[in-house]
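Engineer: Here is what each chain is made of, one letter per residue.
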Amino acid sequence: MPPTDDNIIEVRNVTKTFGKTDVLRDLSLDVKRGERLVILGGSGAGKSTLLNMLAAETQPTKGTLTIDGKEVGAMNERDLDEYRKTMGVLFQSGALFNSLTIAENIALPMQEHTDLEQSTIDTIVTMKLHLVGLLGHGDKMPSELSGGMKKRAGLGRALALDPKIIFYDEPSAGLDPVSVTEIDKLMVDLNETTGVTTVVITHEMTSAFRIAHRLVLMDQGKFVADGTPDEMKQSDNPLVHQFVHGKLEGPMTDRRDGDAYRRALLEDKP
Amino acid sequence: MGAITRPVAKLGDAAIGTVSFIGALGILIGLTFAASPRLVLQKRGRRLAWRNLWFQAHRVGVKSIGVVALVTLSIGVILALQIVPILEGYGVPDQIATIIAIAFFRELGPLVGAIVLTGFAGASIAAEIGTMAVNEELKALRSHAISPVRFLVVPRVLAATVMTVCLAVLSSVMGILGGLLATLSITDLRRAEYLELTFAAVDGFDIMTGLVKAAVFGMLIGAMACHLGLAVRGGASGVGSATTRTVVLSIVALTIVDLGFTAVFYLLEL
Chain A
1 MPPTDDNIIE VRNVTKTFGK TDVLRDLSLD VKRGERLVIL GGSGAGKSTL
51 LNMLAAETQP TKGTLTIDGK EVGAMNERDL DEYRKTMGVL FQSGALFNSL
101 TIAENIALPM QEHTDLEQST IDTIVTMKLH LVGLLGHGDK MPSELSGGMK
151 KRAGLGRALA LDPKIIFYDE PSAGLDPVSV TEIDKLMVDL NETTGVTTVV
201 ITHEMTSAFR IAHRLVLMDQ GKFVADGTPD EMKQSDNPLV HQFVHGKLEG
251 PMTDRRDGDA YRRALLEDKP
Chain B
271 MGAITRPVAK LGDAAIGTVS FIGALGILIG LTFAASPRLV LQKRGRRLAW
321 RNLWFQAHRV GVKSIGVVAL VTLSIGVILA LQIVPILEGY GVPDQIATII
371 AIAFFRELGP LVGAIVLTGF AGASIAAEIG TMAVNEELKA LRSHAISPVR
421 FLVVPRVLAA TVMTVCLAVL SSVMGILGGL LATLSITDLR RAEYLELTFA
471 AVDGFDIMTG LVKAAVFGML IGAMACHLGL AVRGGASGVG SATTRTVVLS
521 IVALTIVDLG FTAVFYLLEL
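Protein sequence lines correspond, in order, to chains A and B. To convert, note that position 173 of the first sequence is 173 in this note's numbering; the numbers rise steadily by one, no gaps. To convert, note that position 162 of the second sequence is 432 in this note's numbering; the numbers rise steadily by one, no gaps.
Since the hints were derived computationally from the structure, they do not count as laboratory data. Check each hint, because a few of them may be wrong.
[Claimed, not checked] Listing some non-contacts, in silico: residues in chain A with all C-beta distances to chain B over 10 Å:
{"id": "1", "residue": "Pro-3"}
{"id": "2", "residue": "Lys-20"}
{"id": "3", "residue": "Ser-28"}
{"id": "4", "residue": "Glu-57"}
{"id": "5", "residue": "Met-87"}
{"id": "6", "residue": "Thr-123"}
{"id": "7", "residue": "Ile-124"}
{"id": "8", "residue": "Gly-136"}
{"id": "9", "residue": "Lys-185"}
{"id": "10", "residue": "Lys-222"}
{"id": "11", "residue": "His-241"}
{"id": "12", "residue": "Leu-265"}
[Claimed, not checked] What follows is a list of derived Cβ distance ranges for each label pair:
{"id": "13", "chain 1": "A", "residue 1": "Gly-136", "chain 2": "B", "residue 2": "Ile-335", "range": "33 to 43 Å"}
{"id": "14", "chain 1": "B", "residue 1": "Ala-506", "chain 2": "A", "residue 2": "Thr-123", "range": "38 to 48 Å"}
{"id": "15", "chain 1": "B", "residue 1": "Val-289", "chain 2": "A", "residue 2": "Val-188", "range": "48 to 58 Å"}
Remember, it's a predicted structure, so these values are computed and weren't measured experimentally. A virtual CB, placed ideally from N, CA and C, is assigned to each residue, including glycine.
When you get a sec, could you build the whole thing from the sequences and use the hints?
Structural biologist: Set out below in structure tokens:
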């Protein structure tokens with residue numbers, strides 16, 4: 001299902017400050033309904049903070065965040081919970097509840113938020129397990145699963161309430177290449193069959209190009225580039241070029257090495 | 271900062287830290303009270319909530335029975351062996367029954383039961399919730415619009431409260447049994463006389479004050495463990511430090527609250 005023309009997520013001039021540091025600086029971003037957007041960036045670029053904000057875990061210090069026509073900053077806790085029920089998050093570790101089986105993990109959001117009979121919930125759990133390729137593993141505890149299976153189980157739970165948006169936090173972190181390909185394919189299949197808007201945070205370029213309709217690159221709390229996979233590959237922006245091709249030399253490393261070393265040698269010690 | 275102002279500033283920091291810690295603990299206890307009725311009244315998720323409560327009660331209480339019984343039985347024996355020779359000097363060795371009955375029902379039963387429970391269950395609750403924080407499970411709960419207070423804190427605090435009351439009864443009975451065994455073996459007192467003196471020494475009010483104390487202790491242990499567990503940051507070392515702090519701070523808090531209770535009862539001549 002291709003992305004539509006209307007925006008499901010609108011980020012406008014958002015700044016997020018922790019202490020004296022601006023982690024996000026005047027960000028603006030639109031995500032189309034049904035789109036697969038990949039947010040790229042090095043460590044400390046502000047990707048996780050942005051994801052936390054989109055998932056209503058934190059609020060912007062300045063600016064507005066509108067999701068499905070509603071401004072997140074204006075929501076009370078009850079409205080925020082209603083919003084949370086319409087989105088799913090796949091956490092880096094899978095974040096399964098270790099005291100519950102896989103099936104119980106997937107059933108939990110339905111038990112908490114719907115009036116469905118247990119037998120109906122069981123049927124839906126079986127469907128979700130099938131969807132993420134874990135049929136027959138429902139009775140296992142999270143500790144019995146491999147890293148890739150944990151992520152798929154986490155995805156099954158994120159899908160429990162049929163969300164409109166799914167956020168993926170570093171879905172390929174810690175997985176072998178085959179599992180990475182499997183997860184990538186799962187993300188694309190889910191998006192294409194259900195039309196769920198997909199926002200992925202990653203720094204794995206192979207994965208990013210495989211998944212994305214569109215990519216944005218973050219650096220020091222700002223978006224520095226925005227384009228389709230082909231546009232990004234051919235970009236002459238030095239930051240994009242360095243990141244996409246994993247070059248050792250470029251603006252990211254120059255900035256880090258030069259300044260810090262000179263300051264450490266010549267200026268006051270911190 | 272000068273040599274004089276630095277200690278003052280440190281003292282100020284410590285005072286602010288203590289007040290904000292107590293405030294945060296108080297807020298958590300308030301939220302727990304507010305969320306408790308839903309555990310009983312809710313339709314959705316009731317089965318899981320009760321299973322969760324039962325599991326916690328088993329973990330907190332049932333597994334502590336052996337240790338509490340052994341510790342309080344020993345304390346009963348120790349008290350009798352230490353005090354009987356002194357009482358014999360005054361010609362009233364039988365009064366050991368009175369002393370042990372009042373000491374255990376009003377003071378030692380609830381306190382010793384609670385202290386054992388702190389090491390046993392408080393530490394394990396803090397470690398469990400702390401590990402959940404590190405594994406992003408708390409974030410996952412919030413992302414599914416499930417309140418960690420309702421889902422995690424309420425069953426643990428309720429279980430700790432109820433089970434501390436049960437353990438206080440057990441530890442009082444075991445303490446008296448210890449006193450009885452020791453007294454019978456070193457004096458001419460008969461079992462029936464000892465028990466008669468015991469029943470004469472305590473009235474309903476003594477037992478009631480002991481049980482109320484035990485309930486407050488249990489709530490404090492549960493809330494302290496959950497509060498420190500929820501606040502865990504920074505991986506495995508954070509979990510370790512939360513566990514240690516739970517035990518230390520709970521014992522300090524229990525003793526201070528017990529002191530408060532005893533002072534109030536003394537002043538009111540109860």
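Engineer: For each hint, tell me whether it holds in the structure or not.
Structural biologist: Quick rundown of the hints versus the structure:
1. Listed as outside the interface, A/Pro-3 is consistent with that label: its C-beta sits roughly 23 Å from the nearest C-beta of chain B, beyond the 10 Å cut-off.
2. Listed as outside the interface, A/Lys-20 is consistent with that label: its C-beta sits roughly 20 Å from the nearest C-beta of chain B, beyond the 10 Å cut-off.
3. The claim that A/Ser-28 lies off the interface holds: its Cβ sits roughly 24 Å from the closest Cβ of chain B, which is beyond the 10 Å cut-off.
4. Remark: the non-interface label on A/Glu-57 conflicts with the geometry, its nearest Cβ contact in chain B lying 6 Å away (cut-off 10 Å).
5. In this structure A/Met-87 is not separated from chain B by more than 10 Å, as the shortest Cβ-Cβ distance comes to only about 8 Å.
6. Residue-level check passed: A/Thr-123 sits 17 Å from the nearest beta carbon of chain B, beyond 10 Å.
7. Non-interface call for A/Ile-124 relative to chain B: holds, since the shortest CB-CB distance, roughly 15 Å, exceeds 10 Å.
8. For A/Gly-136, the condition that its CB be more than 10 Å from all CB atoms of chain B holds, with the nearest at approximately 23 Å.
9. At roughly 24 Å from the closest C-beta of chain B, the C-beta of A/Lys-185 stays outside 10 Å, upholding its exclusion from the interface.
10. Under the 10 Å C-beta cut-off, the non-interface status given to A/Lys-222 relative to chain B holds; the minimum distance is some 25 Å.
11. Consistency note on A/His-241: stated as away from chain B, and its beta-carbon is indeed over 10 Å from all of that chain's, at 33 Å minimum.
12. With a least CB separation of 29 Å from chain B, A/Leu-265 remains clear of the 10 Å interface cut-off, as annotated.
13. Distance hint check: the CB atoms of A/Gly-136 and B/Ile-335 are about 40 Å apart, consistent with the given range 33 to 43 Å.
14. Look at B/Ala-506 against A/Thr-123: about 39 Å separates their beta carbons, and that is inside 38 to 48 Å.
15. B/Val-289 and A/Val-188 have their C-beta atoms about 53 Å apart, which keeps the hinted 48 to 58 Å range intact.
Violation of the numbered hints given earlier is confined to hints 4, 5; the remaining hints are satisfied by the structure.
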